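Number of protein chains: 10
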Amino acid sequence: ASLVSRLPESSPTLFEAKRKLNLTFEAIAKELGRDEVAVAAIFYGQAQASPEDIKKLSEVLNIPHEKLEAQIPPIPDRGRTLDMPPKDPLIYRLFEVVQNYGYAYKGVLNEKFGDGIMSAISFSTKVEKETDEKGDWAVITLRGKW
Amino acid sequence: ASLVSRLPESSPTLFEAKRKLNLTFEAIAKELGRDEVAVAAIFYGQAQASPEDIKKLSEVLNIPHEKLEAQIPPIPDRGRTLDMPPKDPLIYRLFEVVQNYGYAYKGVLNEKFGDGIMSAISFSTKVEKETDEKGDWAVITLRGKW
Amino acid sequence: ASLVSRLPESSPTLFEAKRKLNLTFEAIAKELGRDEVAVAAIFYGQAQASPEDIKKLSEVLNIPHEKLEAQIPPIPDRGRTLDMPPKDPLIYRLFEVVQNYGYAYKGVLNEKFGDGIMSAISFSTKVEKETDEKGDWAVITLRGKW
Amino acid sequence: ASLVSRLPESSPTLFEAKRKLNLTFEAIAKELGRDEVAVAAIFYGQAQASPEDIKKLSEVLNIPHEKLEAQIPPIPDRGRTLDMPPKDPLIYRLFEVVQNYGYAYKGVLNEKFGDGIMSAISFSTKVEKETDEKGDWAVITLRGKW
Amino acid sequence: ASLVSRLPESSPTLFEAKRKLNLTFEAIAKELGRDEVAVAAIFYGQAQASPEDIKKLSEVLNIPHEKLEAQIPPIPDRGRTLDMPPKDPLIYRLFEVVQNYGYAYKGVLNEKFGDGIMSAISFSTKVEKETDEKGDWAVITLRGKW
Amino acid sequence: ASLVSRLPESSPTLFEAKRKLNLTFEAIAKELGRDEVAVAAIFYGQAQASPEDIKKLSEVLNIPHEKLEAQIPPIPDRGRTLDMPPKDPLIYRLFEVVQNYGYAYKGVLNEKFGDGIMSAISFSTKVEKETDEKGDWAVITLRGKW
Amino acid sequence: ASLVSRLPESSPTLFEAKRKLNLTFEAIAKELGRDEVAVAAIFYGQAQASPEDIKKLSEVLNIPHEKLEAQIPPIPDRGRTLDMPPKDPLIYRLFEVVQNYGYAYKGVLNEKFGDGIMSAISFSTKVEKETDEKGDWAVITLRGKW
Amino acid sequence: ASLVSRLPESSPTLFEAKRKLNLTFEAIAKELGRDEVAVAAIFYGQAQASPEDIKKLSEVLNIPHEKLEAQIPPIPDRGRTLDMPPKDPLIYRLFEVVQNYGYAYKGVLNEKFGDGIMSAISFSTKVEKETDEKGDWAVITLRGKW
Amino acid sequence: ASLVSRLPESSPTLFEAKRKLNLTFEAIAKELGRDEVAVAAIFYGQAQASPEDIKKLSEVLNIPHEKLEAQIPPIPDRGRTLDMPPKDPLIYRLFEVVQNYGYAYKGVLNEKFGDGIMSAISFSTKVEKETDEKGDWAVITLRGKW
Amino acid sequence: ASLVSRLPESSPTLFEAKRKLNLTFEAIAKELGRDEVAVAAIFYGQAQASPEDIKKLSEVLNIPHEKLEAQIPPIPDRGRTLDMPPKDPLIYRLFEVVQNYGYAYKGVLNEKFGDGIMSAISFSTKVEKETDEKGDWAVITLRGKW
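Protein chains in written order, with the working numbering: chain L, -17 to 128; chain F, -17 to 128; chain C, -17 to 128; chain B, -17 to 128; chain Y, -17 to 128; chain H, -17 to 128; chain R, -17 to 128; chain U, -17 to 128; chain P, -17 to 128; chain A, -17 to 128.
Hints listed in this document are in silico derivations from the structure and should not be mistaken for laboratory results. Only a predicted model underlies this, so the values are computations on that prediction, with no experimental measurement involved. Take these hints with a grain of salt, some might be off.
[Stated by the list, open to error] Taking lysine-lysine and the BS3-like style, the derived pairs with C-alpha atoms no more than 30 Å apart in a straight line are:
id	chain 1	residue 1	chain 2	residue 2
1	F	127	P	94
2	R	37	U	94
3	L	111	A	108
4	B	108	B	94
5	L	38	L	12
6	U	127	Y	108
7	L	49	C	49
8	F	37	F	127
9	L	12	F	94
10	U	12	R	127
11	Y	111	H	94
12	P	12	A	38
13	H	12	H	49
14	B	127	B	108
[What the hints assert, rightly or not] Residues from chain C that keep clear of chain L, each with C-beta distances beyond 10 Å, as calculated:
id	residue
15	-15
16	6
17	17
18	30
19	45
20	52
21	104
22	111
[Stated by the list, open to error] Pulled a few chain L residues facing chain P out of the computed Cβ check, cut under 8 Å:
id	residue
23	-15
24	69
25	70
26	71
Glycine residues also receive a C-beta, built at the ideal position from the N, C-alpha and C atoms.
Given these sequences and hints, build the entire structure.
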């Protein structure tokens, strides 16, 4: 099924407002004081928006506060956006990294931390752009509590 | 099936030697001049070992060079280690990050770079340990050519 | 597909009323004299509501009795809420417990009870919150007839 | 494939010794000072055995220490025992509980704790037997850090 | 998807009429002179209703004959109600019987009849209730041409 | 994989002895005082053999008692024989009955017994042969505690 | 999902007209000068209707030509009607023939024709009814270019 | 897994003898008085060999009678040769016929025979080669009792 | 589900205009100065349309520019058109080529280029028609950066 | 499972000889007068080797002719090398091309050829290397009879 049919009601509201105002996630993230990936995740219904986030989003995006509050689910129903394996080539590449390096990460992490796990909840992530003589590089950082 | 039955012949050879000598991936990586995740990936048959890598591995791990050369496949048959979704909890957490943040990454990456893709081939990755008052944090960095 | 499209008609009715009145499952459960997990399960169409449950729900939640009676299916069509493996991280953790400890539970249960099975029907379950110096703990108890 | 082919080398060693000495998980657990479910999980290669656990296991089960140390994998490769959905009826019942009550647990847990997750790692679990006039009851308790 | 979306148009018509008149399958079956399981199967679009069945159903259930004739598909498109493995616990139990005893049935049937097959088409089935000192028992009988 | 590779060690032992002695399940069942389907299920490792069953099986089938005791798993690991959907045509027909009549059984059972479930554990099953002018009929009866 | 939701817009138009006029595929096929299976395949959107087919169909079935031309897709999107394995028992039987005899057909075909393949495109198929003292027989013939 | 690992012990015995003697299925079928597809099916363990078939096969193929009798399973465990969808292109083409024409066959068969089913058990099938100016044609005929 | 329900809003708009004007992909591609496969991919929402592409498409196809701009997603959500394995026979043939020749391509490519990968992003593809005495040939060329 | 376990016996024989003699597919292909992709496909058991191919292969690779003839299966059991979706990144890229461009190819091909299909059997394919100022390009050509 199409992506929209899996997303909460708030998603088209947010994306439409963002497009009309021609705002980037980066700009919105600055207003909210959050990482831009987290803001994008709120747009897709994958991260929780705090009451303050909702308030700021309604201001920045010019959406009636009540409407946004009613449409954003109080508890995000995570994991709805993708089927696995992902079909979109960009997202597949990230999945491929896990597929190819999964046990290598596990080996190195266990060596550094002992038996345990990196939390995907007490967790933050960011995307940066680096440019050198070879061109542009996307740098994604995952940081999770052990 | 068990993990070993999916790995190339070189994997048990390498792991056994590493255990006997009580070496870490970090120590081996320093000898090879490569990232420790890449070295672990060589152990699991997921990354290509150059002739120099093989030579150094045979020295550091005290494995006859010829044996190692014969056992390491000339072209890695990547993607063999995992079934998806992964069952091991640690690796599942990485998969979960892709599942939950996949479209958020795509949204932010496209905003920064335009339509395109982060290469998983012209790509490097590393694992670091940070410690603060809240405890230990695992930091995984993915860096890929756009 | 989205969660709502899998639920009976009564689910949005119940959740909407609960949200408007700002009631917790705990508060509703006290009125009904049932475990709060069972009440939540009724909201999701996974447990049977007795005629009394329906009567009390309509009173507590201020929903016309007839409407609720018509919308709650007389026989719950259980198992509709989830695809397996679950994608939501919280529910996945419960699934992971079964995946990792399944045979351990079987081994210990058989040792204590002989060959047999724990009923998931003559069964009750509850969720409690404990707090100690390490923080909060969720305690889930399953109790089933052997 | 059969269960044994998925387990680490240590599993048949441990089970055979246990059967010969006619010991219960409960008895072994007392010697190790651990929950019996955790001990059973060590038998199935799903939980990590500490050096002390290995030492005591070798004593209690009369297995040469060196052999046990070599056979127990230093990092458990968790999640190997089951395919999902599980086919064994006893384990399926546990899975069914997650399938039927998953969102009910999520709803109640979020109400009690806010958005978040119950850890399946900082986690303990136990199995108890209760008997009343209706017969025997299996009681399984999951306790995880929020 | 929900069950209703998989059923023919006639299903909600029949169920609604049945509920309004508060009739059991047993009562309807007596009027039609058919097994009650077959009648329930007609309700779910899984068995063929003869012209007489349709006539009697329209009388018993007070549904315009023309409407029913138009809504009941002339050739049932069987197998639409379930995904496999079934998620509803009651139906899963029947499935579990096939899963656990499948080869046992095959062994015994072949011993009694030689190589061959029990028809699921020249076939009848019924459900009975037995009560003894241990409580109620459900008895399901399958009878198929060899 | 082939069926044998999924069965416990005792299965080929039992089948080989049965073939050599040219005994039917019926004959063996009479000696054991159990239903022949249950006996066949023991052969396939899907039902538990009591100590007496093992003793009688060793006598009837002329197998050393110790050998049989060692090979029959103390707790059957049920559900190993089939992949679902089953490929063998005979077993598929039984599966098809569940697929086609599942909700019809559920509807009729709930009408007779209320909300609940037919146990597949407190359960017995038998196979009979009936012959009339149309030929042979296989009759399978499932009887489970509600 | 239901069958209709997978079919092109022309399917309900054609079936409705056929039912109203009470025409068989055989009768329609005669008018079109095509095999009745091919005609039925056009009804289900699985075979291409030539301009002449469309003209004759509109005449025979009394459907405005323009409407039919607009609704029949110019290029059939084949393979939409079934999920595999098929759940409808009649279609499953055909599938079962392929499942059981697949390699036998391959063996015999290769013996007769050498390495190669039977085209499913330069292909025709028909259904015939034969009656003898044992009753009716369905005869399906597949004829494909090697 | 490879095909051989799924076949009964008799399969390699039969194929090896056939290859050594350079016999075709057609030649063997003539000796046995059976269709060549049925003979090929016996080679793959998918059809039952009668005692006479076994006797003749041992003669024609020069295999000790006792050996063949021991290796051919008394009851064929059908459906073992293929995973579905089939990967071999030739067999896939047959599968594709069912996928594309399934409902067309059902429609035409129901029109000719009424509601019912074509048996895949009281069933015969044959392969013929036709040659015309366009080249060779493979003709496969399925004939089953209604 | 049907193909249309997976495509972006722009797809039916584009196809309808193309049909009304009776234009080929080839003709449209010439106007846009792009490969016709890329143009077809834009129609199916699988390739990105540049602002110029959108402008020209609106001119060539006589679609209001604003409407097209609003309907074409700014970032294509690729991979939505197919389930895998593909059911449409034409597309299955391409899939079959990958299935059968996958490792052969890998072997030859690695021999020519060393370890690495052919980009599916820095990539172009075209379809050509060749005719010789044997008839028509479809020639598909893939050209990707190593 | 590992790749080798899915290949015919001849595969390791051929690869080992090739490695010892340090020959490329290109060199071997020249000797055989065939495309190098076809030769690689013979190595993987996915294409048929003619008697001449076998003779030349035994000469070029210095393998006893009889051994090779016995190990190469007379009829290739195609499609054994890959699970789908492929996990190896290089092969996945080819799969991704089909996934993303499938319907675009179908649209363009139908426009050029009418309804029909590109044969994957009367088919040839080749791999070429092109180099320009941007670097190396892999060019794969598929050519199939319509």
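Tested hints:
1. 127(F) with 94(P): With Cα atoms ~23 Å apart, residue 127(F) and residue 94(P) stay inside 30 Å; holds.
2. 37(R) with 94(U): Holds - the C-alpha atoms of residue 94(U) and residue 37(R) are around 26 Å apart, at most 30 Å.
3. 111(L) with 108(A): Outside the cut-off at roughly 38 Å; violated.
4. 108(B) with 94(B): holds (23 Å)
5. 38(L) with 12(L): With Cα atoms ~11 Å apart, residue 38(L) and residue 12(L) stay inside 30 Å; holds.
6. 127(U) with 108(Y): holds (26 Å)
7. 49(L) with 49(C): holds (27 Å)
8. 37(F) with 127(F): holds (29 Å)
9. 12(L) with 94(F): Distance ~15 Å between residue 12(L) and residue 94(F) Cα, so the pair holds.
10. 12(U) with 127(R): holds (26 Å)
11. 111(Y) with 94(H): holds (7 Å)
12. 12(P) with 38(A): Violated. Residue 12(P) to residue 38(A) sits at ~48 Å, over the 30 Å cutoff.
13. 12(H) with 49(H): holds (23 Å)
14. 127(B) with 108(B): Between residue 127(B) and residue 108(B) the Cα gap is close to 15 Å, so the pair holds against 30 Å.
15. -15: Residue -15(C) is in fact no farther than 10 Å from some Cβ atom of chain L, at 6 Å.
16. 6: holds (12 Å)
17. 17: Check passes; 20 Å lies beyond 10 Å.
18. 30: holds (24 Å)
19. 45: holds (19 Å)
20. 52: For residue 52(C), whose nearest Cβ neighbour in chain L is about 25 Å away, the distance exceeds 10 Å, so it holds.
21. 104: Consistent with the label, residue 104(C) stays out of reach of chain L, its closest Cβ about 30 Å off (over 10 Å).
22. 111: The claim stands: residue 111(C) keeps its Cβ more than 10 Å from every Cβ of chain L (closest is about 17 Å).
23. -15: holds (6 Å)
24. 69: Where the cut-off is 8 Å and the nearest Cβ of chain P is about 3 Å from residue 69(L), the hint holds.
25. 70: holds (5 Å)
26. 71: Interface hint status for residue 71(L): holds (6 Å vs cutoff 8 Å).
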